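Residue numbers (this note's numbering), protein chains in the order written: chain R, 1 to 290; chain Z, 291 to 622.
No wet-lab data here; the hints were simulated from the structure.
Keep in mind that this is a model prediction, so the values were computed, not measured.
All C-beta atoms in this analysis are idealised placements derived from N, C-alpha and C, irrespective of residue type, glycine included.
A hint or two may mislead.
[Said to hold, decoys possible] With beta-carbon atoms standing in for the labels, derived distance ranges:
#1 Gln5(R) - Phe519(Z): 45 to 51 Å
#2 Pro137(R) - Ser422(Z): 52 to 58 Å
#3 Ala300(Z) - Ile186(R): 54 to 60 Å
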Amino acid sequence: MYSPQIILEASLNGLMTGAVYALIALGLTLIYGVLHIINFAHGALLTCAMFAVWIAWAVLGMDPYLAILPLVPLMFALGYGLQRFVIGPASHGDDGNILLVTLGLSIVLENVLLALFQSDTRTLDTDYSFQVVALGPLLLSYPRLIGLGVAVVVTGLLWLLLNRTDTGKAIRAVAKEKLGANLVGIDVPHVYAVTFGLGCACLAVAAGLLMPTFYVNPRIGGAFVLVAFTVVVLGGMGSIPGALLGGLFIGVVESLCGLFLGDSLGQIGIFLIFIAVLLVRPTGLFGAKA
Amino acid sequence: MTARDLIPIAVLTILAALLPLVVTSSPVLNFLVFMLIVALGAQGWNILGGFGGQFSFGHAAFFGTGAYATAILQLHYGVNAWAGLVLATVAGGVVGWVIGFLSFRSGLRGSYFALVTLAFAEVFRILANAASFTGGAAGLLIKLDVRAANLQFDDRAVFYWLVLAFVAAVLLLTRWIQRSRFGAQLVAVRENEDAAKALGVDSLKVKLRAIALSGAVTALSGCLYAQYFLYIDANIAYGSWISVELLLAPIIGGVGTVFGPVVGALTLHGLGEIAKQFAGRIPGIDLIVFGGVLVLAVAFARGGILGLLERLRDRGRGMVTRGPKEVSHAGR
C-alpha cells in the first residue's frame, strides 16, 4: 500500500522540515551548552521572529528570504538585551530561577503578540511557495530545499565561529569553566549575552525559511519548541553537529509517523523518542558524559 | 502537629467558608471555585516541587488524568460520581508513581526532569485528542443531572464549600508532611540529594512517595474541575497551560510552604481579574500579568510572597535579615 517512492518522498520531505527544526534546536543547544539552561522563551522568540518576517512582507513588501538579513542582527540584539538586562540579573545565577524567568518571559511575549495581533493565523505568499523541483521521479518542494541548504550552511558558519574566532574561543572557555574564564579576563556576562544573541539569531534564519510555506499565530512557537527540545536532547545538549543530525532525524521520524499513523498521531513518535532518550541516555547520542 | 500548626489553617478555612454568605454573585463564586481548584492542584505540585525540589513542567498529566478518569468512569461505566472522585484520585497517584519510577530510576533531575514531565503530558494530550474513548477532539460532556449523589449541586456555594474542604484537608496534609520524618527526608533530598543518601535516606523511595501524593492531589483537582464545568477536552485537561498555572501559584506564593500555593493562586487570579477589568478587550492581558509577576517574583521576592512577608516581619522586629526559611533552590 505504501510504495517505496511515497516512503522515499516522505523521508526527503521530513529531512527538509528537519533542517528547520535543526536551526531552531541549534540556538537552543548553543544556549544550553554555554549557559547550562533550558531556554523556555525560545518558542516565543521564534514566534516574534516569524511575525517580524510577516510584517516585513506585509508592510514593506520584503521577500521573506531577504528579510533574514536585517532580522539576524535585530534578533541578536534582542537576545543580547534580554540575557544582559532581564534574565541574567533576575535569576541571580540560579539554574532553577533561569528556567522560571525564561518561562515568565515566554508567557509575556506570547501574550503581548496575542494582544497585538489577536489569535488569527497569518500566511504570506511568494511566487515560489508551491514551486517544486523534479529530482528523477521525485518532486521536491523548492522552498524546503532552500531551507535544507541554508540550515547546513548556517550550522557550518556557527561551527566556524565557535572554533576559529576569538569570540568563539571565549564562548567555549566560558562553557567549560566559568570561573577560570573570568580569571583570565573574559567578561562572562557579555559572553553569556552574546551566546543568547547568537541563539536568537538562529531563530531569525529559521523564521525566514519557515514563512514561505508555513503560517504564524501567537501560539505557534510552542509547537516548535517541544520538537526542538527533543532534537537537543537527542543530539546531546550543547552539541552543534548533534543538533543538525538530530533535527534531520526528527524531521524524518515525524514525516514517516504522519504517513503511517495519520496527522493527529504524527507527533507522538517524536515525544516517545524524547522520553525514551531521556530515560535511557539523557546525554544524547553526541553529548559528553554528564 | 501541635495546636499552633492547626489554628491558622482552621481560622482561615472558617473565614473562607463564611464568604458565600456575604458574596452571592455567581461570577464571583465562579471565580472563587476556579481559583480554589487551581490552588488545590498547585498544592499537589508543591508537595513534589516545593518540598521535594523536583520541578515538574507537566503536572497537566495528573490534572488531566483526574478529569478524564472521573468523566470516563461515569459516562462509559456508570460509576457513581463520588466513587469516580476517589478512583480518579487513586489513578493520579498511580500515574504519578509510574512517571516517577521511570524518570527517577534513570536519575533524571533538574531541567531533565522538567522536560520529561512536559513530554509525558504532551503524549497524554495527543493520545486523548485522538482516542475514541476520551471523546477525541470533541472532548467529553458529563451528563447534567443535578443531585448531590452525582456531585452536582444547584447552589454554587455548596461546590465552593466542597472544594474548600479538600483544600483545607491538603493544607493539613502538607503541614503534616512538613512536620513528619518523611517531610524532613524530602527536604533533605531537595537541598542535597547526595548528602541525604549518605545519611541513609532512600532518596528514590522518598521521591516516589512524593510524586504519587502530588499526582493524587492534582488529579483530585482535575476531577473537581471536570465535575464543576461538566466538560473537558484534551487541550484543557492535558494542555501545557494548566501545567504552567499549577507551577506558577506555589512559586509566586511561596514555594515549599504550606500556604504558598493558596496565596499564589489567589494573588495571580486576583491580579488577572483586575487586569481584565481595566483592559478587558485586550486578549491575554491577564496572562501578561502572570508572566510579569513570575519574572518579578523570581527577581525580587525569593521565597514568593510569603518569603517576602517573613523578611518584612523580621526586619520590623529589628532582627538581622536573613533568607526565607523554606526557599527551595530547586532545579539541580
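Mind checking the hinted window 45 to 51 Å against the Cβ distance between Gln5(R) and Phe519(Z)?
The hint (45 to 51 Å, Cβ to Cβ) holds, given that Gln5(R) and Phe519(Z) are roughly 49 Å apart.
For the hint 54 to 60 Å, verify it against the beta carbon of Ala300(Z) and that of Ile186(R).
Given about 57 Å between the Cβ atoms, the range holds.
Pairwise beta carbon distance, Pro137(R) to Ser422(Z), judged against the given window 52 to 58 Å
38 Å, violated
In this structure, the one hint that does not hold is number 2.
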